[in-house]
Structures are given as structure tokens and as C-alpha cells.
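Asks: Sequence:
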Amino acid sequence: MTDSNRLFLDAFGRYEKPLVRYAMGYTDDLGDARDVVQDVFLKFNQNIESIDPQRIAAWLFTACRNRALDLHRKHKRMVIMEHDSLEAHDTSAAYAPSPSDQLEGEETKAMLHRMIQELPAKQRQAVWLKFVTGISYAEISQVMETSLGNVGYLIHHGVARIRERWQAMEPVR
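Mind the numbering: the sequence shown is residues 2 to 174 in our numbering, read in order.
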């Protein structure tokens with residue numbers, strides 16, 4: 002196996018699912034998100050020799066964002082992330098919750114997604130990359146082309162804003 006093949010397979014194994022989740026932030030269709038990621042990996046494979054191995058995450062997430070935005074412009078529609086589409090991609094559930102637990106979980110997830118969507122753009126992107134795609138602060142720093150300290154600042158303030166809004170919804174005891 003060549004170094005390029007190994008690099009491609011490692012990147013695919015590490016980033017395929019996070020990229021699909023990231024693309025879901027730009028498209029409301031899981032099929033479209035998967036198509037975006039497939040296009041990104043095809044382009045990655047074509048350019049693999051010229052990509053700095055230390056910046057693979059940044060390259061992939063930037064290419065994914067650009068491709069998803071191209072698709073969004075092509076369809077000329079407003080994109081709102083749907084929680085149902087993410088659940089269809091998550092196959093890690095080991096048990097079947099009761100209908101009331103499932104409904105409560107779906108409502109909670111939808112509320113959190115709305116709160117994330119209402120954050121300022123940079124906070125939204127940092128929080129999304131950290132908690133939905135699960136990539137590291139260093140990778141987020143590369144994707145967003147900002148310092149590691151700024152990533153921490155954006156995530157901290159984004160989470161604080163969500164926490165404040167969440168607590169404001171809680172009934173006073």
C-alpha cells in the first residue's frame with residue numbers, strides 16, 4: 002500500500018462521519034450531505050500529493066463547506082438543519098427508548114439545534130465543529146483559520162449563551 006493510499010484511508014476513516022454531520026449544517030438532506038462528502042473525498046484523492054498532511058482536517062472541512070455552499074446555491078433554497086436527518090445517520094443507539102423518552106429527546110435535540118443556529122456565525126461554526134463533528138480544537142483552528150485561543154473563546158461564549166437560554170426556559174422552583 003502506498004503512502005498516499007494509507008493517508009487517504011486514514012483520512013476517510015477519521016473524517017467521513019464528522020464531514021457528513023458538518024455538511025448537514027448546510028443541507029437539509031442526508032443524501033445531499035453524503036454526496037457533498039463523496040465529492041470532497043474524490044477531490045481530496047485527486048490532490049492528495051499537494052496537501053500538507055498536517056492540514057488535512059482544515060482542507061477537508063473547507064472543501065466540504067465550499068461544496069455544500071455550492072450545492073445550496075444551486076438549489077436556491079434556505080437551509081435549516083433538521084434533527085431527524087442526523088438521527089437517521091446515527092446508528093449507535095443500543096436500546097429502544099420508550100415513546101415518551103424518544104419524544105422528549107427529539108424535542109430537546111431540536112431545541113438545542115435551534116439555539117445553536119441562533120448563535121453568531123463564528124460561534125455557531127465553532128460549537129458545531131466541536132460538539133457535532135467532534136474534531137479537536139487544533140483542527141477547528143485550522144478549519145476556521147483562527148488561533149487556538151480564539152476557538153476556545155468562541156466555544157466558551159457559544160456554550161455560555163446556550164446555557165443562559167436553556168436556564169431561562171427552566172421553571173423557577
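Misleading hints may appear alongside valid ones.
What the hints assert, rightly or not - No farther apart than 27 Å at their CA atoms in a straight line, the calculated lysine-lysine pairs in the DSSO-like style are these:
no., residue 1, residue 2
1, Lys75, Lys18
2, Lys44, Lys131
3, Lys123, Lys75
Said to hold, decoys possible - Pairwise CB distance ranges (calculated):
no., residue 1, residue 2, range
4, Ser51, Met2, 14 to 22 Å
5, Ala111, Ile52, 30 to 38 Å
6, Asn48, Gln168, 40 to 48 Å
7, Pro54, Gly135, 30 to 38 Å
8, Asp36, Met170, 35 to 43 Å
9, Ala111, Gly153, 41 to 49 Å
10, Asp53, Pro100, 43 to 51 Å
11, Glu119, Pro54, 30 to 38 Å
12, Asn151, Ser5, 17 to 25 Å
13, Gly135, Asp30, 37 to 45 Å
It is worth saying that the hints were derived from the structure and are not from the lab. Even glycine gets a Cβ: it sits at the ideal position worked out from N, Cα and C.
Asks: Taking the CB of Asn151 and the CB of Ser5, does the distance hold inside 17 to 25 Å?
Replies: violated, 33 Å
Asks: Take the C-beta atom of Ala111 and the C-beta atom of Gly153, compute their distance, and say whether it sits inside 41 to 49 Å.
Replies: About 27 Å separates the Cβ atoms of Ala111 and Gly153, which means 41 to 49 Å is violated.
Asks: Range first: 30 to 38 Å. Now tell me if the beta carbons of Glu119 and Pro54 are that far apart.
Replies: holds, 37 Å
Asks: Range hint 14 to 22 Å: satisfied by the CB atoms of Ser51 and Met2?
Replies: holds, 20 Å
Asks: Verify the CB-CB distance for Gly135 and Asp30 against the hinted window 37 to 45 Å.
Replies: violated, 22 Å
Asks: Note whether the CB distance of Asn48 and Gln168 lies within 40 to 48 Å or breaks it.
Replies: The hint (40 to 48 Å, Cβ to Cβ) holds, given that Asn48 and Gln168 are roughly 46 Å apart.
Asks: At the C-beta level, are Ala111 and Ile52 separated by a distance inside 30 to 38 Å?
Replies: holds, 37 Å
Asks: Honestly, do Pro54 and Gly135 meet the 30 to 38 Å range at C-beta?
Replies: Hint violated: Cβ distance 20 Å, outside 30 to 38 Å.
Asks: Between Lys44 and Lys131, is the straight-line Cα distance small enough, at 27 Å or below?
Replies: holds, 24 Å
Asks: Given the hint that Lys75 pairs with Lys18, does the C-alpha gap stay at or below 27 Å?
Replies: holds, 24 Å
Asks: If you check the beta carbons of Asp53 and Pro100, does the distance land in 43 to 51 Å?
Replies: holds, 50 Å
Asks: Between Asp36 and Met170, does the beta-carbon spacing fit 35 to 43 Å?
Replies: holds, 36 Å
Taken one by one, the earlier hints fail for this structure at numbers 7, 9, 12 and 13, listed in ascending order.
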